[in-house]
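> Chains as they are written, first to last, in the UniProt record's numbering: chain D, 1 to 300; chain Z, 1 to 394.
Keep in mind that a hint or two might mislead.
Derived lysine-lysine pairs resembling BS3-like cross-links, with alpha carbons at most 27 Å apart [what the hints assert, rightly or not]:
id : chain 1 : residue 1 : chain 2 : residue 2
1  : Z       : Lys139    : Z       : Lys380
2  : Z       : Lys382    : Z       : Lys239
3  : Z       : Lys380    : Z       : Lys227
4  : Z       : Lys183    : D       : Lys141
5  : Z       : Lys201    : Z       : Lys52
6  : Z       : Lys227    : Z       : Lys239
7  : D       : Lys141    : Z       : Lys105
8  : Z       : Lys369    : Z       : Lys235
9  : Z       : Lys201    : Z       : Lys183
10 : D       : Lys155    : Z       : Lys201
11 : Z       : Lys235    : Z       : Lys380
12 : Z       : Lys73     : Z       : Lys52
13 : Z       : Lys197    : D       : Lys155
14 : Z       : Lys105    : Z       : Lys150
15 : Z       : Lys287    : D       : Lys141
16 : D       : Lys118    : D       : Lys195
17 : D       : Lys155    : Z       : Lys183
18 : Z       : Lys150    : Z       : Lys369
19 : Z       : Lys380    : Z       : Lys157
20 : Z       : Lys201    : D       : Lys141
21 : Z       : Lys52     : Z       : Lys197
Hints were generated in silico from the structure; no laboratory data involved.
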Amino acid sequence: MSAVGQLSAASQTPAPPPPRSGRRLTAYLLLLPGGLWLLLFFVVPLVSLLAASLYDPNGSIEDGFSMTWSFGNFADTMADYARPFGRSLWYALLTTAFCLLLGYPLAYAIAMKAGRWKNLMLALVIAPFFTSFLIRTLSWKLLLSDNGFVVDALKWLHILGPDGRLLATTAAVVTGLTYNFLPFMVLPLYASLEKIDRRLIEAGGDLFAGPLTTFRVVTLPLSMPGVVAGTLLTFIPAAGDYINAQLLGTPKQRMIGNDIQRLFSAGAYPTAAALSVTLMAAIVVLVLIYVRRAGTDDLV
Amino acid sequence: MRPRRTPVLGRRAVLRGLGLGLGAGALAACGIPPARQSADKCISTDQSGTQKLLNFSNWPSYMDESEEKVNGKTALPTLDAFQKQSGIRVTYTADVNDNSEFYAKVRDQLGTCQPSGRDIFVLTDWMAARMVSLGWLQKLDHAAVPNVDKYLLEQLKSPTWDPNRDYSVPWQSGLTGIAYNAKVTGEIGSWADLVGKSELKGRVTLLSEMPDTMAIMLRLVGADPGKFNDAEWSKALEKLESSVGSGQIRRFTGNDYVQDLNDGNIAACMAWSGDVLALQADNADIKFVVPEEGLNLWSDNMLVPNKATHKANAEALMNYYYDPEVAAELAAWVNYICPVEGARQAMEKIDPELVDNPLVFPDQAMLSKTSSFMPLDTAKAKLYETDFNLAIGG
Numbered sequence: 001m002s003a004v005g006q007l008s009a010a011s012q013t014p015a016p017p018p019p020r021s022g023r024r025l026t027a028y029l030l031l032l033p034g035g036l037w038l039l040l041f042f043v044v045p046l047v048s049l050l051a052a053s054l055y056d057p058n059g060s061i062e063d064g065f066s067m068t069w070s071f072g073n074f075a076d077t078m079a080d081y082a083r084p085f086g087r088s089l090w091y092a093l094l095t096t097a098f099c100l101l102l103g104y105p106l107a108y109a110i111a112m113k114a115g116r117w118k119n120l121m122l123a124l125v126i127a128p129f130f131t132s133f134l135i136r137t138l139s140w141k142l143l144l145s146d147n148g149f150v151v152d153a154l155k156w157l158h159i160l161g162p163d164g165r166l167l168a169t170t171a172a173v174v175t176g177l178t179y180n181f182l183p184f185m186v187l188p189l190y191a192s193l194e195k196i197d198r199r200l201i202e203a204g205g206d207l208f209a210g211p212l213t214t215f216r217v218v219t220l221p222l223s224m225p226g227v228v229a230g231t232l233l234t235f236i237p238a239a240g241d242y243i244n245a246q247l248l249g250t251p252k253q254r255m256i257g258n259d260i261q262r263l264f265s266a267g268a269y270p271t272a273a274a275l276s277v278t279l280m281a282a283i284v285v286l287v288l289i290y291v292r293r294a295g296t297d298d299l300v
Numbered sequence: 001m002r003p004r005r006t007p008v009l010g011r012r013a014v015l016r017g018l019g020l021g022l023g024a025g026a027l028a029a030c031g032i033p034p035a036r037q038s039a040d041k042c043i044s045t046d047q048s049g050t051q052k053l054l055n056f057s058n059w060p061s062y063m064d065e066s067e068e069k070v071n072g073k074t075a076l077p078t079l080d081a082f083q084k085q086s087g088i089r090v091t092y093t094a095d096v097n098d099n100s101e102f103y104a105k106v107r108d109q110l111g112t113c114q115p116s117g118r119d120i121f122v123l124t125d126w127m128a129a130r131m132v133s134l135g136w137l138q139k140l141d142h143a144a145v146p147n148v149d150k151y152l153l154e155q156l157k158s159p160t161w162d163p164n165r166d167y168s169v170p171w172q173s174g175l176t177g178i179a180y181n182a183k184v185t186g187e188i189g190s191w192a193d194l195v196g197k198s199e200l201k202g203r204v205t206l207l208s209e210m211p212d213t214m215a216i217m218l219r220l221v222g223a224d225p226g227k228f229n230d231a232e233w234s235k236a237l238e239k240l241e242s243s244v245g246s247g248q249i250r251r252f253t254g255n256d257y258v259q260d261l262n263d264g265n266i267a268a269c270m271a272w273s274g275d276v277l278a279l280q281a282d283n284a285d286i287k288f289v290v291p292e293e294g295l296n297l298w299s300d301n302m303l304v305p306n307k308a309t310h311k312a313n314a315e316a317l318m319n320y321y322y323d324p325e326v327a328a329e330l331a332a333w334v335n336y337i338c339p340v341e342g343a344r345q346a347m348e349k350i351d352p353e354l355v356d357n358p359l360v361f362p363d364q365a366m367l368s369k370t371s372s373f374m375p376l377d378t379a380k381a382k383l384y385e386t387d388f389n390l391a392i393g394g
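Put together the whole structure using the sequences plus the hints.
Next up, the structure:
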């Protein structure tokens, strides 16, 4: 999938072929619009964010912020915000795991068993995108509300105690995250499962492997690019999300995105920027380790 | 480890070095200049004499509207009357949705002494205080607003951040008290009950604005929110931490508590009077309580920013809205606390039911229980904000 493609492309510096100068000019011209776009909307904001993370933490909007190369900002913010930080990564991990558990059978069913229902099922997976993220999350508030039928049913089944609730719990936040990011898992999984040559699965049967063994030895390894892409597309945005924690959680479920948003609007730019940079760096490191481990070089 | 080629100082290495150098240079060149302005450096000129115009930015649903439309537009009776009477053409925009958001909207202009395109806008105390300390506002001429001096409610006359009302005039005021849903719980009479009663565990919300919530915690530890010291602050903070830690507090909210309270997801909460009054119209089970320990009084204030070119026109408007008859007409529609003395008598002709509503015209007993939050300098504000942030983080 695209994310993995980009990542592996970025990790190895592309060697420019030695063409004639006319060709080379064309290549640069082709790069120009995209390059300008990236410069303006990616490089410039990134540099400004990096700069802000090193400003004097004692500055204020009133007196301005001066560049003091305060590398201490990173240690200071981590000391204060280690808990929501860890929580964000933990929730993102849970979300990714649940999305994989729910998404893999679904993607498998769509790719392998859906027959003429395939397109309809795909459309249904994408359908939630037709309404805004915010509206969908707010609807979960209604579904999980203390007097709603979900809570009533769970109480009746004695899964929840008489004082139990779903809203404003960790379960609600992770449920919301899982719901919101499930399509990002299903679509890449579907794409890689769909590509698998069915004759390979038949060959597994011919070689006296049972369905489970065939799945383990043939289907699963061949779908790994989808698994890697799906987990990345789920984990990365989930770690930075703050809407689900805001609407479905309590202060105890607060994620790092909530703190960054709050600090930013309170005008504590260096702290907010230092947290953002740390989050980005942590995600990049985790992703690099993961991609190395998963050995996607051979898979993509 | 993979074997590596020995690095040579090639074109790529040079480029990389150059890139790093440039990057560091770009970082070092950054910084955000001070946003503070002063009256002698940022000079505004008033063109009200020749231009009978006024640009007015306010919150949604904060101006009386009539049922019928005139030329396809909703008529605003009091404002239309002002335009007719004064000959000043008012461009009215309801584009203030959130204090912080509005601040972000005008920050770049006002921080660099540029016109914001508005002659008058309305912001809540704490944000108005910030703008006063930033030097972003024009000083009002009290001779031009005699009604304000005459009719402004005593309790609102000298807030600590603008003791002589040199820069601000309240548009409407409100109270922060307790609201509860009578279908879900019995009466909650005090802040101590709200944060301590075990039946309410996990069914209480507080406000995410630091001054609102901490004023209550300060009261609970016996301190005065209008004047407290660091030791009292620490005690109040511990109080908050223990309420959050015990699971009593479900969330910290903006005015989104309204939905949860209406649905019965929460039993009781810290609430703003105007929201509660609006909610009561649809749901009779929603009650507002003046807690035993007291409550917070706040205002949304009319402010004239630097470089606004119609200050005298703005003052004419302020003076007009402090005419008790006009104030009563406005209060009958917006349902917030009317900051104008004498509007209560005028209300008898407009809506007799509201005359005795303490959430529009609070009585002296109620007002004597109110206080506002101590003004904080920037360093302190940031320190306290961080403390608060971490305390509600759980």
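> With the threshold set at 27 Å, check whether the alpha-carbon distance from Lys380(Z) to Lys227(Z) stays at or below it.
Status holds; Cα separation ~14 Å.
> So if I understand the rule, the pair passes when the alpha-carbon distance is 27 Å or less; does Lys235(Z) with Lys380(Z) pass?
16 Å, holds
> For the pair supplied as a hint, Lys139(Z) and Lys380(Z), confirm whether the alpha-carbon distance does not exceed 27 Å.
26 Å, holds
> Between the alpha carbons of Lys227(Z) and Lys239(Z), is the straight-line distance 27 Å or under?
Holds, at roughly 18 Å.
> Given the hint that Lys105(Z) pairs with Lys150(Z), does the C-alpha gap stay at or below 27 Å?
Roughly 34 Å between the alpha carbons, so the hint for Lys105(Z) and Lys150(Z) is violated.
> For the pair supplied as a hint, Lys197(Z) and Lys155(D), is the alpha-carbon distance within the 27 Å limit?
Between Lys197(Z) and Lys155(D) the Cα gap is close to 24 Å, so the pair holds against 27 Å.
> Mind checking the alpha carbons of Lys369(Z) and Lys235(Z) for me, to see if they're no more than 27 Å apart?
22 Å, holds
> Lys201(Z) and Lys141(D): Cα distance at most 27 Å?
Given that 27 Å is the threshold and the Cα spacing comes to 19 Å, the pair holds.
> Does the alpha-carbon distance linking Lys150(Z) and Lys369(Z) stay inside the 27 Å limit?
Roughly 23 Å separates the two Cα atoms, so the pair holds.
> Is it true that the CA of Lys380(Z) sits at most 27 Å from the CA of Lys157(Z)?
With a Cα-Cα distance of about 25 Å, the restraint between Lys380(Z) and Lys157(Z) holds, given a limit of 27 Å.
> Given the hint that Lys118(D) pairs with Lys195(D), does the C-alpha gap stay at or below 27 Å?
Holds: Lys118(D) and Lys195(D) sit about 14 Å apart, inside 27 Å.
> Has the given pair, Lys382(Z) with Lys239(Z), been kept, meaning a C-alpha gap of at most 27 Å?
Given pair Lys382(Z), Lys239(Z) holds - Cα atoms ~20 Å apart, limit 27 Å.
Consistency note: the structure conflicts with the earlier hints numbered 5, 7, 14 and 21.
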